[in-house]
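Listed below are the residues making up each chain.
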Amino acid sequence: MDATALLESTGALLPHLMVLLTGLVILTMDLFLTPRNRYLNELVGLAGLLLALILTLSSLGTPRQVFMGMAVSDHLSAFFNVTFLLIAALTILLSASYVRRENVSAGEYYTLILFATTGFMFVAAAADLVMVFLAIETLSIATYILAGLLRDEPRSQEAAFKYFMLGALSSAFFLYGIATVYGVLGNTSLGHLAQALGQGGMSPLLLMGMALLIVGLGFKVAVVPFHMWAPDVYDGAPTAVTAFMTAGPKAAAFAAFLRVFFQGFATPDLVQQWTPVFAILAALTMILGNFVALAQQSLKRMLAYSSIAHAGYAFVALVAHNSLGASSLLYYMVAYTLMSLGAFTMLMVVARREEQPYAFDDYAGLGTTHPLLAALMALFMFALAGFPPTAGFAGKFYVFSAAVQAGHYGLAVIGVLTSVLSVVYYARVIMIMYMREPERHQPALQLAPTTMAVLGITALGILYMGIFPGGVMQLAEQSVALLFQTKM
Amino acid sequence: MIPIPYYLTVSALLFVIGAIGVLMRRNALIMLMSLELMLNAVNLSFVAYARLHNDIGGHVFVFLSITVAAAEAAVGLAILLTIYRARETVDVDNLHLLQR
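Heads up: the protein sequence lines correspond to chains A and B, in order. Positions 1023 to 1510 (my numbering) are the ones given, in order, by the first sequence. Positions 1432 to 1531 (my numbering) are the ones given, in order, by the second sequence.
No wet-lab data here; the hints were simulated from the structure. Don't take each hint at face value.
Examples of chain A residues toward chain B, derived with CB under 8 Å [said to hold, decoys possible]:
1) Glu1130
2) Ala1182
3) Ala1190
4) Leu1197
5) Tyr1198
6) Trp1251
Backbone N, C-alpha and C fix where the C-beta goes; we use that ideal spot for every residue, glycine too.
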C-alpha cells in the first residue's frame, strides 16, 4: 500500500475521523472550561457532526473499497452515516439540559457519545468481518460506560454491569463465529466470502459459524431469545442514554446484519438456511415484546419492551431478503430513531428527577395542564403504535409489504396483529393524559430551548416521513441497490 | 507436530468452559475471568486456523482481539469497582433492583 492509496483511503473515511476528532477535542477542551462556558461542549459537538455530515455528502460517489478491502465507502454507508449523525446530534441536544440537571461530567459524556457514533459509522462501512467486530466493540465499550454514567446510582451501576456482561458474552460468540468462518474459507473479507460461497462449499462448520454470528448480532439487536438484558438495561440506564441506546446501537447492529448477511452470506443456498431462523426470531420478538409491554407499570420499562417489539418488526424486513425489504429496513431505522428519541425526551421532561420511577400517573391531566406537550406525546405514541399519517405507519407498511412480496404471509399477519395489540398500551398513555384529572397541583414543567428543538425536530420529522414517505424511501432504495447488484 | 484439530478441540473446550463459567458462577470477578477465557479460546482457534491455511491474517487478528479484550476488561473492572464501593460485595445475586 503506497502513500497515495493511503491518502485516498483516509479521504474516504474522513467523516468517521471527523467524529472521532470532535470527541477528542471535547475531551481535551472540557478540562479548561468553567461552568459558565460549559455550553461550548455542545456547540463543538454539533459543529463537528455538521462537518462530518458535509464530508459524508461530498464524498458520495462511486463505491470504492479502501484500506486493502477492510472498509468500503458506498451509498449504503453514506445513508447510515447520515442516520447516525442525526442520532448523535439529537442526543447531544436532548442531553444538554439533562447533564446539568443530573450533574454529569459533560465532557466525558459527549466524548463517549461521539466515540460510540464513530463505532456505528465504522460498522456501516465495514467490508470485512474483523472490521465489523472492531467497530461493534468500539461502540459497545463506549455504551457500557454510558449506561453506568450515574456512578452513585445503584440502578445505573446494575444496568451497566448487566449490559457489560451480556454484551461481552455476545462479543465472544461473534468472535468465535468469525474464527469459524475464517477456518472454513481462509479469509474474512465479506466480498471474498460471497465469491467463495458462490462456488459451492457449504459445510456444517460454516453453518455453525453463521449461527454464532447470528447469536452475537442478535444480542446487540435484542431479539428474543437474546433480549433478556434489554429491559433491565434500558430501565436502569440514565434516560438520555437509554434514548441513545435504543436508537444508535440497534441501527448499527442492523447495518451489520445487512453487511454480513446480504453481502457476505448471500448465495441462494445459504439464504435458504438463514431465512427460517430469522423468521422465527422475528415472530418471537414481535409477540413477546408486545405482550410483555402490556403488563408494565413503568413507562420507561414499557418503552424498553416496545423497543424490543420494534426490533422484531425491523427483523421482518431482513427475512424478506429483497430490495424492498432492505430499503424498508433503512426507512424503519430512521423512523424509529425519531419516534424513540422523541418519546424518551418527553419522558425526561415529565419525570423531573432521575430517582423517581416513571409511573403512568405522572401523565394524569397533562392534556389540561400542558396541552402542547400532551399533543406531542400523543403524536409519539400514535407513531410508535403505527397510525397514519406518521412515519411509524409508513415504516410498518413498507416492512410488511416486503414480507408479503417475499411470500412470508404468516409473518406479515403476526406483525399486523401484534401492532393492533400494541395500540392498547400506547393508547393507555394517551387516555391517562386526557381523561384523568391531575392528582395534585404540580409545578409547571420547564423546557430548555434545546429540549424544545429535539421535540420539534422529531415531531416534524415523524409527520414529514409519514405524509411524504417517498423522499426518504427513494434514498433508501438507491442505497441498497448495490447490495442486490453485486450478488447476482 | 501436534495436528491442528487437537488445538481446535482444546479451543472449543475452553470456550464452553468459559461460557458455563459466565452463566453459572455468581461471583462477578470469576465471571469476568471466564469471559477472558472465552476470548482467549477464540484466539487459540484463530492461530490454529491461520496455521492450517498458512495465512498470516489470522495471527494479526489475534493481536486485534487481545487489544479489544484488554479494553473490555478495563471497563468491566471499572464497573465492578463502582458496584463494590456501593455494596461491599461482587455477588451478582445482590443485583436485583431492576427485576420487577
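Any CB of chain B closer than 8 Å to the CB of A:Glu1130?
-> violated, 12 Å
Hint validity - A:Tyr1198 Cβ closer than 8 Å to any chain B Cβ = holds, 5 Å
Do the numbers back the hint for A:Ala1182, that is, is its least Cβ distance to chain B under 8 Å?
-> holds, 5 Å
Per the CB criterion, is A:Trp1251 less than 8 Å away from chain B?
-> violated, 10 Å
Interface hint compliance - A:Leu1197 to chain B, C-beta minimum distance less than 8 Å | Holds, because the Cβ-Cβ distance from A:Leu1197 to chain B comes to roughly 5 Å (cut-off 8 Å).
Satisfaction of the A:Ala1190 interface hint, Cβ to chain B closer than 8 Å = With a closest approach of 5 Å, the A:Ala1190 hint holds.
When held up to the earlier numbered hints, the structure conflicts with 1 and 6 and fits the remainder.
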